[in-house]
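J.: Take each chain as given, in its own frame, and dock them per the hints.
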Amino acid sequence: AQKVTQAQTEISVVEKEDVTLDCVYETRDTTYYLFWYKQPPSGELVFLIRRNSFDEQNEISGRYSWNFQKSTSSFNFTITASQVVDSAVYFCALRGGLYNNAGNMLTFGGGTRLMVKP
Amino acid sequence: DGGITQSPKYLFRKEGQNVTLSCEQNLNHDAMYWYRQDPGQGLRLIYYSQIVNDFQKGDIAEGYSVSREKKESFPLTVTSAQKNPTAFYLCASTRTRNQPQHFGDGTRLSIL
Chain A
42 AQKVTQAQTE
52 ISVVEKEDVT
62 LDCVYETRDT
72 TYYLFWYKQP
82 PSGELVFLIR
92 RNSFDEQNEI
102 SGRYSWNFQK
112 STSSFNFTIT
122 ASQVVDSAVY
132 FCALRGGLYN
142 NAGNMLTFGG
152 GTRLMVKP
Chain B
334 DGGITQSPKY
344 LFRKEGQNVT
354 LSCEQNLNHD
364 AMYWYRQDPG
374 QGLRLIYYSQ
384 IVNDFQKGDI
394 AEGYSVSREK
404 KESFPLTVTS
414 AQKNPTAFYL
424 CASTRTRNQP
434 QHFGDGTRLS
444 IL
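Residue numbers (this note's numbering), protein chains in the order written: chain A, 42 to 159; chain B, 334 to 445.
The shape of chain B in the complex, shown without the other chains (with noise of 0.2 Å):
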């Protein structure tokens, strides 16, 4: 089955590092995009890309960085940069400008 694979479901970062959560795809959709989600509060975009190699900051990219080397593939590191990185993270894509747009399952992500 077509869809959108997020991992890990869970994980749980130490105070100075990096983290990295994945975001696959196989749904030949052109464009991906990465969300935010806080308790009680809608999506915000992070960071999205329209096609390989091209990506642009969305509303909250701050401490945030991705990259885009194939086209099923979009992963978000979470830098040490980003000094309240306790969320939800959700990865969508989409294939045209006016479809809708279609999630994973998301990564929850906390400070240890």
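Bound-form chain A, shown alone (with noise of 0.2 Å):
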């Protein structure tokens, strides 16, 4: 069974803040992929960023960065100098079962919605 926890169902921040989102996941796979996505107000996801187990180095996108630490299973999201676009619910994803899930399949945390106040 996978399972995707996000512990932060609500964070509240002003302007220029830096915030970080937390992800931990569950899975009894050895290979697998983890995702970030964004839900702006209006309502459909935003794919952020894509990562397989094999690869754990930090990325980093412009004010946007992730921190994906196999040990702890977790895929941290941070967000430098948080910005007033930046507020939605942003949700994590696992999808496992590299070679038994022929459907794709995804699971989702409960996602976390992040407040940037002006």
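No false leads were mixed into what you were given.
Taking lysine-lysine and the BS3-like style, the derived pairs with C-alpha atoms no more than 30 Å apart in a straight line are:
1. Lys416(B) x Lys342(B)
2. Lys79(A) x Lys342(B)
3. Lys79(A) x Lys390(B)
The hints are simulated quantities; they were obtained by calculation from the structure and are not laboratory data.
T.: This is the structure in structure tokens:
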């Protein structure tokens, strides 16, 4: 069984603060993919990043960075110098069973609502 | 532009009525998915389809039905058997196994 936990249901910060969204996952698979999606108020999910379990390198993309730690089963997301436009719900997701998940199914965490105030 | 189109954006259902949510994609993706999102919760998989004329139940398929007669289209019917249909429904598609899923804008379904 797979599980993704986003313990922070809601975070509120003031613009320009740094903020980290936590994601902890459980899987018995040795190979898997992790994803982060952003859901703005309009509703659609926007893909942010994919990371496979073989690659533990951290990644930075502009103000966004991701810290993947296999030892603690965590894939945390940091926004540096947050902006009002970052306000959204952020979902972490896991795709396990690289060789027996033919449906490419994702397990989502419950999401973290980020509110950035001006 | 390529993408996923869901319609309608808002839908109201009367008691005992079946309603159908549309999902169309022009991304040439093989696999398509339907998710349900309840307030403050994550996404739960209703049905998915890997190829035309084939689909599989997800975690919460009861009270829903789907069809996949064309690669581009994956409509979801919310039947009267679904006793708590009020939710936000998201359709997604993906090209290959390890690629990210792309999502539509969603349909918000409410009970009249």
